[in-house]
Amino acid sequence: MSFDPQALGRLGITEEQVELMDVAENVCRDKSDITKVRAQLDDDRGFDLDDWREIAALGWLGIALPETYGGVGLSLAEDVPVMEQMGRRMMALPFITSTVVAQAILAGGTEAQKTTYLPKLAKGTIGTLALSELNGSYDLHKVDATAHVTSDGFKLSGKKVVVQNLDAADVVIISAKLDAQVSLFVFDAALCPPSKRRREKLIDETKRSYEINLNGLVLPQTALMDQGSTAAALAHIDLCANLLGAAELVGATQTCLDYTLDYLKTRKQFGKIIGSYQALKHPIVDAYIGYEKARSLLYAAAYSFDEQGKGEVATRMAKVAASRALSFAADRSIQFHGGFGFTYACDAQLYRRRAIFHDSQFGDVRWQKAKLADILFN
Amino acid sequence: MISVEDFAKEADQWFAENTPRNVDFMMPLTFMEVGTDQQFEFLRNWQKQVYEAGYLGAAWPSEYGGGGLTDAHQAVATKAMRKYDAPIMMNTIGLSWAGPLILDIGSEAHKKKFIKGILSAEDIWCQGFSEPENGSDLGNAQLRAVREGDEYVLNGSKIWTTHGHFGKYMILLARTNPDAPNKYAGLSFILTPMDVPGIETRKIKKLTGEHGFTQTFFTDARIPADGLMGQEGQGWKIAMQTLEYERGARGGQAGGYSITEPDPLEILNLARDTGQLNDPVVQDDLLDYIIDAQAVNLNQQRAKIGPLMRDNPAGLPLMDKLVKTEFAREINQYALTLQGTRGAYYVDEPNAVDKGLWHRSYLNAFSATIGGGTSQIQRNIIAEHVLGLPKSY
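Here the protein sequences line up with chains S and A, keeping their order. Using our numbering, the first residue of the first sequence is number 1, and each one after it goes up by one. Using our numbering, the first residue of the second sequence is number 379, and each one after it goes up by one.
Just chain S, same shape as in the assembly (with noise of 0.2 Å):
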């Protein structure tokens, strides 16, 4: 049994974070709010292609890539922030695929792929991942997709699902069975034509999935990564998509206690502002420590995301606590709002509709807990 709360419980922050946080807070802010998110649920792509541009000129996609990639030359916590704030704002910028995208080439990537790719997905080439599967399951080991070598490179068979942005995305991730041996190879997404391509329905109605037919689609052979980092690429995707997902869920639920609260300082009923009513004061009380205890275990989790070990139990504990935040402040938002919180015009319902397509990507809670339990325990 390994575990050492000591050794667990600590918590930074860096000067570059904190100079990310106050651009972020402001570029987030004025680029995006709920009319505009709003008015992106029926839109094809699902976003503003210039803010994508916008941030890709910060530097955002960088971030956390070596200069010599052209990178930044910082880490996984800097993104932390930025994602953050981008949640708060319910963004729908394709920012977590693309910089999980290159962390997984940066892990796994042959020298050719990494030069290939990294300096142009550190500009603001959008990449996606083709991980899951219809089997459900949250363990990239799991795969059922299987790859064939042929003269020409690698023959494809099977099927990939929740692959996001797909259809604006210029460089894809896949992973399938090679001789019995999970493995990872990145493409153009040019090489996946229309007709392999379904736009799937997700909950989360700010985001945009599809489903891969594999079955004829030809790889080439400088597609394959490294297979022997395959095992460390897959770690790192699952913990950095973790990580980053979770500053979006913290984002999200910090918007949604805003406007839980705007309406309980409102809404009048038997002649008194509703969030005088304990009833309604006390859980939301309860909803706003679960933030804050999320935030903190977040930014605890980038402080320590590549320290080996404890970098995972603290991204793992962060999501943990942010899906159960994001979960909880939207489920009682929606209730809070009475009639108006089952309608489609509350944004309640935007927010837990959020915390559910979370839950479903890289892990819920229940995934990460016995993940947690694991490293802990056994």
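Since the hints were made in silico from the structure, they are not lab data. Quantities reported herein were computed from a predicted structural model and do not represent experimental measurements. Watch out, some of these pointers could steer you wrong.
[Stated by the list, open to error] Pulled from the structure, derived: some chain S residues nowhere near chain A, Cβ distances all over 10 Å:
hint, residue
1, 75
2, 142
3, 179
4, 190
5, 229
6, 264
7, 292
8, 340
9, 366
[Unchecked claim] Listed next, with one range per pair, are the computed distances between beta-carbon atoms:
hint, chain 1, residue 1, chain 2, residue 2, range
10, A, 719, S, 177, 48 to 54 Å
11, S, 179, A, 657, 37 to 43 Å
12, S, 179, A, 659, 35 to 41 Å
13, A, 500, S, 268, 55 to 61 Å
All C-beta atoms, glycine included, are put in the ideal place defined by N, C-alpha and C.
Chain A: place on chain S using the hints.
Leaving out everything else, chain A in the frame of chain S:
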């Protein structure tokens, strides 16, 4: 001035050598659990020893009996106490509430008279806020103080007085003006000696079956008027400042700790000792406590990091008492569920797991979720002062 590093080394060595081990009675884990004379005398002596060694009140001014060092010095001394799992500092109401208040707003005479005795545990302090009819509605306190010359004449009753029967002084919230424009404006805050005719304490038996606090009766009790803090009518404001010390929302305390906070590691050990650490259901529960303990710990660290406190600067300080005390209650309650048939036992039963400590700790945990403002009052405070919701009453 000795460097913090050197002071830390000395403190570490001192607590390694002097921390008492293997006492033959149940050591109180919180200051509210001090019930028997044996517990009281032991902890009073221990506090005196620590103070005389220089590891309590290290940052308080030396002209009043403090160590004249800095908060950083006291922090490393307190860290050493925790490291060696030293017994609590028992004169809590003096060390953590009355003391910092006196140092902040007390007169020069108050500081000279009271501070040293607080640190040495020579003078035990208690608090007279709650009354039988006015608990959560503290602002409605009715104990009457009438000024007569250079004395106040006290009539009324205070209740839930921790250390009441040990107390030499009390911080008292009294009504000096029943005709004030509102209930708060009629209150005054008085440092009151307990050993005067007309003040009597009666022990109250707690839900644990032990003693530990009292009801205090005041019948024409005459006390010196120079114990008044601030001006008449400022009692409510001063009481709120005191409660901020009590809830950990304001600094200035003498140091050490008055509550041994539950450590999830101990509950993990309990699960292992009872053969349940490999049960996935238990693991799932334990993780909730570990994550929560971690969040509480991190909240305290984050409270010192300005950029991460900008949105709600008062949020973390004001929730500290609520989250810690509720966590203690819940984790102690959970510990009972790990004991199987032996969960039936209570303190003093030889067959009890850990001598019945968990049962006692769970029942005692309510003292902190109720005292110092109930958890429900804490939620109201957070709702109103952090989230900006209107008052409920």
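TODO: Quick one: which hint numbers does this structure break? Sort them smallest to largest.
DONE: 6, 7 and 9
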